[in-house]
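Asker: Next come the chains, spelled out residue by residue.
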Amino acid sequence: MADSRVPSGSALIEVRGLTKIYKVGVETIHALRGLDLTIGRNEMVAIMGSSGSGKSTLMNMLGCLDRPTAGSYLLNGRDVSRMGARELAQVRNEEIGFVFQSFELLPRQTALENVELPLVYATGGWRGRRARALAALDRVGLAQRVHHRPNQLSGGQRQRVAIARAILNKPSILLADEPTGNLDSATTTEILALFRQLHSEGQTVVIVTHEDEVAAHCQRVVRLRDGRVLSDLPVAQDAAGRHLPGASAFAAMKGGEAC
Amino acid sequence: MLNPLFWLQAISLAFSQIWANKSRAFLTALGIIVGVASTTAVIAALTGLRGKVLSEFESVGASKFFVFPNRPDNAPRNMYPWEKIRVTPEEVNAIRDECTLVKAVTPITEVGLTVEAGDRMIEGITISGIWPDWHVVQNRFVQEGRPFTQIDEDGERQVCLVNADAITELNLPLNPVGEAIIIGGRRFAIVGVVETTQARFFGMNTSSAEIFIPFSVAAKLQDRNFFMRVEGMFTSPEAAEEGQDEVRFVMRRARGIEPGGVETFQVAAIDRFIEQFKALATGITAIAGGIVGISLLVGGIGIMNIMLVSVSERTREIGLRKAVGATPMAILLQFLLEAVTLCLVGGFIGIAVGRLAAFGLTKIPGAQLEQADIPFWAVALSFAFSAATGVIFGMFPAIKASRLDPIEALRHE
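Protein chains in written order, with the numbering used here: chain A, 7 to 265; chain B, 152 to 564.
Here chain A stands alone, though its shape is the one from the complex (with noise of 0.2 Å):
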């Protein structure tokens, strides 16, 4: 199911035959049965699915928070699948920028310290962290802000804070988790328009969430069932699709996010 719009060589994540598989107890779960996804540099991809599909396990192995079962990950042309925790800590802190839904900064800490956060775990180039720091603050427009504590911001604020932290060692993904899950719609709106103008100047970007109007801000909507890829589309046609009466894959899938 390789994405024939991206060329392989120029992908930056390349997964192929992606499984996961838990033991709860007695139970056996596959949360990821031989998932194939390609995603090239400066995309802006949505991940969809309900609960059950196994997106956030999907999220958890392209974030090297965790590793398959089986199946591989080319991260830059770097297979991430086999590496030990020590080595997996250093790609996450080098290449991935998380942003979750409950923004998790830390509550002592200024926004500044918050976003510095990452150089305490780089391998190198700690030096100038505090203008580094600053920068990514000023892209996220909280220049004004540096000083402040978490529960001296508004929600809003927090999610830009933790933005800055992801962004601050230029990571090849900035990947979210339900990133506005916690907001209203008003800041929703200029979270995902700081989102869109990130991917403007070259951030790939992957959401994972379960809203529509969070999707229709990315320009490729993957939607996930069962561990599996249901449909990898632009989001135009993902959009008109879902209106297309008696499209069956279609149908189904809005089935399942009614559950």
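Keep in mind the hints are simulated off the structure, nothing from the lab. One thing to keep in mind: the hints can contain errors.
Lysine to any residue pairs mimicking SDA-like chemistry, simulated, CA-CA at most 20 Å apart [stated by the list, open to error]:
id : chain 1 : residue 1 : chain 2 : residue 2
1  : B       : 254       : B       : 244
2  : B       : 173       : A       : 123
3  : A       : 176       : A       : 83
4  : B       : 429       : B       : 528
5  : A       : 29        : B       : 562
6  : B       : 254       : B       : 401
7  : A       : 176       : A       : 123
8  : A       : 29        : B       : 554
9  : A       : 176       : B       : 431
10 : B       : 254       : B       : 459
11 : B       : 173       : B       : 496
12 : B       : 173       : A       : 115
13 : B       : 203       : B       : 515
14 : B       : 551       : B       : 429
15 : B       : 173       : A       : 72
16 : B       : 551       : A       : 83
17 : B       : 173       : A       : 112
18 : A       : 29        : B       : 558
19 : A       : 29        : B       : 555
20 : A       : 29        : B       : 528
The calculated label-pair distances, taken between Cβ atoms and stated as ranges, are [what the hints assert, rightly or not]:
id : chain 1 : residue 1 : chain 2 : residue 2 : range
21 : B       : 535       : A       : 78        : 47 to 55 Å
22 : B       : 460       : A       : 243       : 47 to 55 Å
23 : A       : 136       : B       : 442       : 46 to 54 Å
24 : A       : 155       : B       : 175       : 19 to 27 Å
25 : A       : 33        : B       : 535       : 48 to 56 Å
26 : B       : 539       : A       : 153       : 37 to 45 Å
27 : B       : 452       : A       : 149       : 45 to 53 Å
28 : B       : 158       : A       : 192       : 40 to 48 Å
29 : A       : 130       : B       : 452       : 38 to 46 Å
30 : A       : 130       : B       : 167       : 34 to 42 Å
31 : B       : 514       : A       : 130       : 52 to 60 Å
32 : B       : 535       : A       : 27        : 46 to 54 Å
Covered by chain A, according to a simulated footprint, are these stretches of chain B (three or more residues, beta-carbon under 8 Å) [claimed, not checked]:
id : region
33 : 460 to 473
34 : 476 to 483
For glycine and all other residues, C-beta sits at the position ideal for the given N, C-alpha and C.
Here the structure of chain A is known, so what remains is to put chain B in place on it, guided by the hints.
Answerer: Below, chain B alone, put in the same frame as chain A:
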């Protein structure tokens, strides 16, 4: 490969964690505080006692020695009668003349006599017969007049030295040099006033009214086999061991004791007592060290408990740190550093409290602990033990934190 920024933030984080949970941190570290404080106080008291006792030994003289008559163990009394084993003036002469490591030596004989001065008469004052070297041996010199000389000794001159208490008791003029007093019915001229040393040896006050006369004069006042003791001084404390052998050699020869023969005398130097006391003090210090070990064990369990709580409270934070690239080792070190910091802060407070207690000890009247002080090694050891407690008891929670699955941790409520 942890960069300097990691260490900087880990240390500042450790302190800010303590600061944010002040009362909890204090209660946790209480075991360590109490343990370190009580032990440092005990060590301070011991150090004070040791300093006091050693300085009293010093005032007696570290290079001092004594020669006693000694009846061999289990020997029948009639085989070694007193006149055979008593130390004689001739033997003291031999020690003085032949022992190169002996700086000064004097026989001392004491006799209780009635003393008259003007209309005052006191019975049974202790009169000591001494050689001129006594001043050197006892480290007591004259404040007024002159000390004894060899001429006084050889000429059996009826001269005497008195101390301040004797002046008071006999109602003599403040400077009595040139006055005459009657000792045992004989007239003696006072030639000097000997200084009174406040040498309180284990509470015994050795100085009250004292009168000294030349040894040769005192010998004539007594029986043929009168009792005398011998006090001497080696050239240095280091010479004490070799000096004792020298004195024994001279004494054996003077008594004609064959090689392998039983000695009828004993030579003792003060350094042996000092060593015995030092061994005792070291023993007590070791016991105090054992007590600190137990209290740190108890304190350490508290530290482990609170670190487990901290790991559990901060599970999401650990998850986030892992997501942004913290290796298991970085997480482990951070929590270990936090436990160690907590223990070191506890140790620091403990030492401060211990110091205060040591200061209090010096102020207790009559306790003779004026020199109580915490030695540097005890401070260093307290910190080392506290840090070790942090490492040992912080290890399990830190390993637990480092092994957390980042996905699980981020999902933790």
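Asker: Among all the numbered hints in the text so far, which are the ones the structure does not match?
Answerer: 2, 9, 10, 14, 15, 16, 20 and 30
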